[in-house]
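K.L.:
Listed here are the chains, written in short residue letters.
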Amino acid sequence: MQPIIEARNLEKIYKTRVERIQALKGLNFSVEKGDFTALMGPSGAGKTTLLNLIGCLDTSTAGELLMDGRQLDHLKEKELTEIRRNFVGMVFQEFFLIETLSALENVMLPALFNPGKKIQKERGAYLMELVGLKNRMQHLPRELSGGEMQRVAIARALMNSPRIILADEPTGNLDRKNALNIFAILAEINHTEDVTVLVATHNVKLAHQAKNIMYISDGLIIKEEAVR
Amino acid sequence: MRLLKIAYKNIARKKIRSLLTIGGVAMAVAVLVSLLGFNAGYKMALNNDVDKMGYQVLVTAKGCPYEAATLMLKGGGGLRYMDADVYDRIVTDDRIDKITPQLATVKTIEGGGFTMYMGIEDSYTELKPWATFKEGKWFTSPEALEVIIGYEAAELEQRTIGDQIFIPDTREILTVVGIFERTGTQDDGVIFLPLKTAQKIFDLPDQLTGIGIKLKDLGQLSAFEEDLYDEGSIQVISLAQVKGTILNLISSAQILVTSVAIIAIFVAIVGVINTILMSVFERTQEIGVMKAIGAGNRQIFQLIWYETIIICTMGGLLGSLFALAGGSGVEYFVKRFLPFAPEGNLIYISPQLILFSLLGAIALGLFSGIYPALRASLMKPIEAIRSGE
Ligand SMILES: Nc1ncnc2c1ncn2[C@@H]1O[C@H](COP(=O)(O)OP(=O)(O)OP(=O)(O)O)[C@@H](O)[C@H]1O
Ligand SMILES: [Mg+2]
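Respectively, the protein sequence lines represent chains P and C.
Quick note: the first sequence, position 28, residue 28 per the working numbering, numbers continuous.
The working numbering runs 1000 ahead of the 1-based position in the second sequence.
Read the hints as simulated data drawn from the structure, not as lab findings.
Nothing here was measured: the structure is a model prediction, and the numbers come from that model.
Cβ coordinates follow ideal geometry from the N, Cα and C atoms, glycine included.
Errors might be hidden in some of the hints.
[Said to hold, decoys possible] Rough simulated footprint, nothing fancy, chain P against chain C, three-plus residues with beta-carbon under 8 Å:
no. : stretch
1   : 1287-1301
2   : 1304-1316
[Unchecked claim] Derived pair list, reagent style BS3-like, types lysine-lysine, alpha-carbon separation capped at 25 Å:
no. : chain 1 : residue 1 : chain 2 : residue 2
3   : P       : 211       : P       : 223
4   : C       : 1380      : P       : 25
5   : C       : 1243      : P       : 118
6   : C       : 1380      : P       : 15
7   : C       : 1243      : C       : 1098
Take the sequences, apply the hints, and build the full model.
P.N.:
Right, dumping it as structure tokens:
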């Protein structure tokens, strides 16, 4: 079966005014459809860099990155937008909800940006229910707790029925209980929504909620293991 | 939910800033609408005034200057007189449809102001068919010691039929036999008496100040005028000329106001661009997030563009309201500065004008939104998201 994500000698070099920083030094790995993979590694290892490449927020410097067999390197902005819109759902540590919109509106926003899709309120409501926030639909982000905001963000990431959810330290700003809850939701959507999940985390215990763990250090994948 | 709603919510997020910007646009639109409204209104009022003179050509004594002719229409001084036999010579011209001789005199009233007395003949009413009686009737004879009073003059002096009025500098007392209905022209302020009576009591035998003429065919106007140039002692003023002179007089004032309007619009544009650009920069991270969840460049462009259009449309609506509400105030102000103010409303704000200025405001929004919207849409998602750190 074709992997949903495949990297071949993937490199990313950041050029700043003073130096070139090689954040990714030739990664090789693949993520299979339906996987729930935790990405672990020390600070500065390149986790965010990798997720941004897969999420089409940034482009690689060398090597190849394939999504469902399609090469992402050298794509034009328009094609990148297309992939962000239809293939991936992003979840950030800082939640990044739109503060003027209600929770439900935030969830439905990706559909608004997707001309190919009808904006389905039912799906928005369904996803809010899925993350356990049925009674918080009309709340503004500032009227929600951190854990609730992150659940809204996950629902939002699912709105356009993406193939992959990319979550960059989604529990970094949450306490232990909320963090466990978020991972439980990720596990659930991996199962029920038929979506591949790739989540970066520092927390070993949380990482073991996933099906596989991929260790990254200093821009290289150093180990991959299946949980249990 | 639509982009427009998100755009609106963004504007509502910073209320004071948005209101100030909308206010700027409103000011510009109000100035523009008032100006254009004045343009339309003044021309209409002037046309109405001049058309209601009832004649197309006014023959006056030579040296009665243009402005004096204007003032005469209005009721000022500086009048010159001509011999009545000019009338006898002209009256036979078969291009003439209607003709009426007049003798105007102006008497100052104690405590400022003046009253115009106008000697007229029966033919006067033929040229002014709308001059109907509110009360009373026409003079009993061509030499009667009687007056007919214009509507406003009657109101002002509280005259009714049968009143005796004393004319300054004369020894005569005249009886009011009629009061004209309101015509909306300068005639409303005039006291009329029979021509012969006027010549006698003002001691101006066989003298006239003007001859009003209406031609059978307006196309003959210039030929007719030329023929009259042969008459040495008179000058011919077509009312089209008077109109032109008056419009010239106010055009310099218009240039000034127009430049003010242009400056106001320019300031409004800069204000809108500044506000939207500021809000785009403040929302860089949010724009990055929108892109991360699937917004394309075009959609971001649209979103920001909508915001400027909403601001400008609101400004346009508000400005039109200001102009409508403040029109009478502006009119009062403007009237004191004009060389010649016709009767009636000087500012005419038509629905078309409102529509035009609204479309103008929207165009302003479309224009000033381009740059900020472009800046927002071309932001790189990853850099935009990181900008918050
Ligand atoms: N925009 C950038 N410009 C220059 N260098 C960068 C940029 N972003 C990241 N880096 C560098 O690239 C390397 C990898 O950074 P990255 O953010 O991917 O690490 P990370 O694994 O996500 O770390 P953390 O766990 O702290 O989030 C780091 O050395 C970082 O300093
Ligand atoms: Mg990181």
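K.L.:
All hints, please: hold or fail.
P.N.:
Hints versus structure:
no.: 1; hint: 1287-1301; in the structure: holds (count 10)
no.: 2; hint: 1304-1316; in the structure: violated (count 0)
no.: 3; hint: P:211 to P:223; in the structure: holds, 14 Å
no.: 4; hint: C:1380 to P:25; in the structure: holds, 23 Å
no.: 5; hint: C:1243 to P:118; in the structure: violated, 63 Å
no.: 6; hint: C:1380 to P:15; in the structure: holds, 16 Å
no.: 7; hint: C:1243 to C:1098; in the structure: holds, 21 Å
Of the hints listed earlier, those the structure fails to meet are numbers 2 and 5, in rising order.
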